[in-house]
Amino acid sequence: MKSPTRTEIMTIVASRLLGDGSTCFVGIGIPSMAANLARLTHAPDVVLIYESGTIGAKPNILPLSIGDGELAETADTVVSTPEIFAYWLQGGRVDVGFLGAAQVDKFANLNSTVIGEYQTPKVRLPGAGGAPEIAALAKDTLIIINHDPRKLVERVDFITSPGYLDGGDARKKAGLKGGPSAVITDLGVLVPEVDSKELIVSQVHAGVTRDQIQEATGWELRFADQVTETEPPTELELTALRQLLERTEASRRQAS
Amino acid sequence: MSTSSISLAEAIRLHVSDGDSVALEGFTHLIPFAAGHEIIRQRRRDLTLVRLTPDLICDQLIGMGCAKKLVFSWGGHPGVGSLHRFRDAVEKAWPAPLEIDERSHAAMSAAYVAGAAGLPMAVLRGFVGSDLPNHNANIRFIECPFTQEKLAATPAINPDVAIIHAQKADRQGNVLLWGIVGVQKEIALAATRCIVTVEEIVDKLEAPPNACVLPAWTIDAICEVPGGAFPSYAHGYYERDNAAYLAWDAVSKSREQFTAWMDQHVLGTENFAEFRHQLAS
Chain D
1 MKSPTRTEIM TIVASRLLGD GSTCFVGIGI PSMAANLARL THAPDVVLIY
51 ESGTIGAKPN ILPLSIGDGE LAETADTVVS TPEIFAYWLQ GGRVDVGFLG
101 AAQVDKFANL NSTVIGEYQT PKVRLPGAGG APEIAALAKD TLIIINHDPR
151 KLVERVDFIT SPGYLDGGDA RKKAGLKGGP SAVITDLGVL VPEVDSKELI
201 VSQVHAGVTR DQIQEATGWE LRFADQVTET EPPTELELTA LRQLLERTEA
251 SRRQAS
Chain E
257 MSTSSISLAE AIRLHVSDGD SVALEGFTHL IPFAAGHEII RQRRRDLTLV
307 RLTPDLICDQ LIGMGCAKKL VFSWGGHPGV GSLHRFRDAV EKAWPAPLEI
357 DERSHAAMSA AYVAGAAGLP MAVLRGFVGS DLPNHNANIR FIECPFTQEK
407 LAATPAINPD VAIIHAQKAD RQGNVLLWGI VGVQKEIALA ATRCIVTVEE
457 IVDKLEAPPN ACVLPAWTID AICEVPGGAF PSYAHGYYER DNAAYLAWDA
507 VSKSREQFTA WMDQHVLGTE NFAEFRHQLA S
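Protein chains in written order, with this note's numbering: chain D, 1 to 256; chain E, 257 to 537.
There's no promise every hint is true.
[As the list claims (entries may be wrong)] Some chain E residues near chain D, calculated using beta-carbon distances under 8 Å:
| hint | residue |
| --- | --- |
| 1 | F283 |
| 2 | T284 |
| 3 | W330 |
| 4 | G331 |
| 5 | V346 |
| 6 | E347 |
| 7 | A349 |
| 8 | S365 |
| 9 | V384 |
| 10 | G435 |
| 11 | V437 |
| 12 | H491 |
| 13 | R532 |
Keep in mind that the hints were calculated from the coordinates and are not lab data.
Just so it is clear, CB atoms sit at the ideal spot from N, CA and C, and this is done for glycine as well.
Isolated chain D (complex conformation) (with noise of 0.2 Å):
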């Protein structure tokens, strides 16, 4: 079998993350594609919802959209917009919100609406979606993110969902409850540290060494006092993401 790939092993790693018979409000892109691949493997019972409404959603292929065919097909239940962060989001019934993001920062802080000054932007993205409302209101958020020191910064351009705010006791004192427990990326795993709410190194990819993380990385690292080497994906792991990519791929051709 080939070797897994940076991409291959941060989806694997994120997928573990997830546990079964959770509920999990999922985003668009590799949250999907991980979320689909704990379904497929070591959660059966994950409950997954996508902001279109979908609940209980099992496809087949992953959606190339938050709202395709497949999502609605395949769920237990498909309700409105409104409802579904009303009651669901709102309602307390998320235990965990799987995002990405364009930035993250050394609080977990997430940016997805501009790049440099929001009226006069540099990149303008697209925008908040969702998320501040499931960062916000899921028990616990899980973040995957590919590792660039243009994206693991300092202090995000924009604060478009909230991590830990400054630090500290910041997102408590705001109001808020949960908060991300993990920062999933192609090198390595990032939790906040306990008190502090830093995001620091807990577990790095076979063969990353720290100096690679760190040059990764736009803040200053600090690294856990145990940090742990990445189980290597298994062979269930890897063919049953290969053969979810697979079947996307084929019903994307056949439908061109």
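Fit chain E to the supplied structure of chain D, relying on the hints for placement.
This is chain E only, laid out in the frame that chain D set:
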């Protein structure tokens, strides 16, 4: 009371004027592309576009100079990346400056609900810790008079016109939609006028109780436009054309290529059927 069907061109002529606020809704599903094209053909100007996920439909309207303002919550190209025309308008004011009122999906959909319910504002648990309220006066915080909890408030959205696409209407003009129903019912009821394009007009809706039905008397114009949601999809009729979505990235990247494509395929065709025919050939 029944609503008889008219042509889409007639519906846009009658119900969409320069300067109107126009909500084109459909959450990834049932996006009213045919109606968007007709607005472009009739060269409406200074519109305030309202839509949670602007998608390709707003990219086209913005790039063709129809919009002065966008009320939205996620302006990306789903699964692909940027909406280039939206970005060009915000970053470089091309073809015209674009004012934005940016909220989140939770806030926008709550604002539609408030609009449909005739309330002045929506209340939600949201935006705490986010920078958005610092840049948008339409997001503020209030205190719950009963629990003292700090909550976000956002004004109701009541557009001049809502335009949606649905699977079916019957001959009286009652409309049925299903699948991912998004925010269509809410925006149809929140708007002053409502245009609905449908895949087909049938003798009987055969809607089960509790189905998402908009009675004829809530709708101002029904237009039969088969395929009118392309390249998005109509559940039970056709799938999302993901290849067309992926192709849009290259089409929309440069101003010149975008303009040439729109001139040829949208301005250069009489209606959506001809557009589909031309695009396929």
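Verification of the supplied hints:
For F283 of chain E, the interface hint holds, since its Cβ comes within 8 Å of a Cβ in chain D; the closest pair sits about 5 Å apart. Because the closest C-beta pair between T284 of chain E and chain D is about 3 Å apart, less than 8 Å, the hint holds. The restraint placing W330 of chain E at the interface with chain D holds, with a minimum CB-CB distance near 4 Å, inside the 8 Å limit. Given the 8 Å rule on beta carbons, the hint for G331 of chain E holds: about 5 Å separates it from the nearest Cβ of chain D.
Among the interface hints, the one on V346 of chain E holds; its C-beta lies about 4 Å from the nearest C-beta in chain D, closer than the 8 Å criterion. Satisfaction of the interface hint for E347 of chain E is found here, the shortest Cβ-Cβ separation to chain D being roughly 5 Å, below the 8 Å cut-off. Of the supplied interface hints, the one on A349 of chain E is violated, with its beta-carbon coming no nearer than about 11 Å to a beta-carbon of chain D, more than 8 Å. The beta carbon of S365 of chain E is positioned within 8 Å of a beta carbon in chain D (closest approach about 4 Å), and the interface hint is therefore held.
Hint on V384 of chain E holds. Least Cβ distance to chain D is approximately 5 Å, under the 8 Å limit. The interface hint given for G435 of chain E holds, since its Cβ lies 5 Å from the closest Cβ of chain D, which is under the 8 Å cut-off. Interface restraint check: V437 of chain E against chain D, minimum CB-CB distance 5 Å, threshold 8 Å, status holds. Annotation: interface hint on H491 of chain E holds; nearest CB of chain D at approximately 6 Å, less than 8 Å.
At about 16 Å, the closest approach between the beta carbon of R532 of chain E and any beta carbon in chain D exceeds 8 Å, and the interface hint on this residue is violated.
Of the numbered hints listed earlier, those contradicted by the structure are 7, 13.
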